Amino acid sequence: MSPAVAVDAPPRARSALLQSIARLHDRIGTAGMVAAGFLLTVSLLAVLAPVVAPYGPNAADLLHPSAGPSGSHLLGTDELGRDLLSRLIWGARSGLLGPLIVISIATVVAVPLAALAGWLGGAVDLVIGRVLDLLFAFPGLLLAILVVSLYGPGLLPCAVALSLSYMPWIARVARSGIVRERNKAYIAAVDVQGLSGFAICARHLVPNISSIIWSQATISFGYALIDLAALSFLGLNVQPPTADWGVMVNNEAALLQGHPIQVFYPCLLIVLCVTAVTYLGNRLADTEDGRTS
Amino acid sequence: MTALLELEQLAVRLPIERQHRPVLHDVSFRLERGEVLAVVGESGSGKSMTARAVLQLLPAGAITSGRIVFDGLDVASARRAELRELRSRRIGMIFQDPRAAINPVHRIGDFLTEVLVRERGVAKKAALGRAAAMLDEVGIDEPRRRLRQYPHELSGGMLQRVMIASVLLLEPDLILADEPTTALDVTTQAEVVAILDDLRKARGTAMIFITHDLELAASISDRTAVMYAGYLVETLRSRQALEQPAHPYTEALLRSRPDLLQRMERIPQIPGRPLAPYEIGEGCPFHPRCTYADDECRQQLPPVTTGSEGSVRCFHPADVRADQPAAHDRAGSP
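So the sequence lines, in the order shown, correspond to chains A and B. Letter by letter, the first sequence follows residues 1 to 293 of the working numbering. Letter by letter, the second sequence follows residues 1001 to 1334 of the working numbering.
Chain A with its partners taken away, still in its complex shape:
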């Protein structure tokens, strides 16, 4: 499948950036590029919130509560006169940071476990497999509620609790990838050269299944985003008045006073982010199969 001939850089090479963008486009397609661009934009806005948001997240324009879109408030204001656009931008911070923490912790714990189980096999594999099964049995939200009841509400306890429930998903996929990969000849080749088991796992097995891990982590990111928003909605995660999409969805006042649009915006952002992330994850998973072998 792979070209056997060395190809030098084409003459009149386009700039490196353009080339890597073209390669990315080949891999994830136009829709994928749109999804990636959208996520990139939201992330940039989140990072640059103090610069790009027209108002502070809690700056109230008390003279114009629940106002419609206008020149000074592009998306209007909420019932306390806070600028909706600014709150959405500030809210993107916890909205994206939360799932990032969840997936990072889950991946960092899952991959070594998967490597251990897949490489050593036998009893170790069995024990790790059963422990993962046990974790599967716990619904993530329930676990989060438990942790919050112990440590109080907040982003960190929720994220840590959720990461525990996302870990087995990533571990299971990574383990099956490692089991498939470890029977290949190149692993046997480094094994008979006497390379240590740790080096084989860290330098050969895990890098070769990295795209599976990436795609699983990406898909899980979307789910974690929803779960965290749900926890915010339930009042267990980020607490009002902090700007957060989940907190903004939980706005009965807006609904009761006939301004559903205020709830619609954060919902739309959640849906768009999750759709974009899930699409990207699926594309990564699809291309992964065609890439190796």
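Just so you know, these hints were derived from the structure itself, not from any lab. It should be emphasised that the depicted structure is a prediction, and the values quoted were computed from it without experimental measurement. For every residue, glycine included, the Cβ atom is placed at its ideal position computed from N, Cα and C. Please note: incorrect hints may appear among the correct ones.
As the list claims (entries may be wrong) - To spell it out: a stretch of chain B is covered by chain A in this simulated footprint if at least three of its residues, at any positions, have a beta carbon under 8 angstroms from a beta carbon of chain A; those stretches are:
id : region
1  : 1049–1061
2  : 1084–1094
3  : 1104–1117
Based on these hints, arrange chain B on the given structure of chain A.
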């Protein structure tokens, strides 16, 4: 001086379809230092399994009996640390398909230096220098540039040279070459084998060379071992393998080669089909396909008779047959 490698009645059983089925029966041979033994036989006859058993690179659940002694160390009962030492310093293995046996995501330079750097504490720069010199020795041009390339940028023949270089870099006492040229085209085959043999000879490294090709085996090795259905049926001096085989199977294999000088209507073939090591019943494993088979062959496993020139597992080896009519003739006259 003791042999470098000695197999004594090695038998291996593997879990196949929930049963432990034999894949090797009673394989014994000696390999001296610097000697080359070619192992020939049909697919599934146990050639690779023998080599893999030496390195304990067997599938999970394999049951081994008999002894594998490498330079005084019983491999089958070796501890993990001893086994790793054995693998990283004493025995090197060249695999059949270099494209599958070299990790596609690492550069050639990383592949060649990984074990030197990580297991032997050689500095990365020094290791790269050695790797470049070795690539030059196996006939790869621009070695420095190759070190930075990825496996997909090299041809199959070049990759197999890289594989050979990786094994020679570790300076083993024994090289196990498992059909190293099967995945290559014919013209590259000859070059790769010649390079492997030259470099091996210069270093006095012993080798077990597994192949389907009797002529290749004869040209590269001192002795040839012929395997059939998990049995070692004959070992003989390679010079004789093409002219004076003792075992009917070796004889039949030789007859089945196409003649390069003469056009043949049809290449003779051995009747029947090759049996898997776990399919054979009583008696000699080859008896269902053997023209010389008689009742004795059908009932008893022939013992190994060892002569000065080799050993053979047969009731009717060529030198005995020469004195008496063939079995099927006898059977025809009650």
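Hints and how they fare:
no.: 1; hint: 1049–1061; in the structure: holds (count 3)
no.: 2; hint: 1084–1094; in the structure: holds (count 9)
no.: 3; hint: 1104–1117; in the structure: holds (count 5)
Checked against the numbered hints given earlier, this structure breaks none of them.
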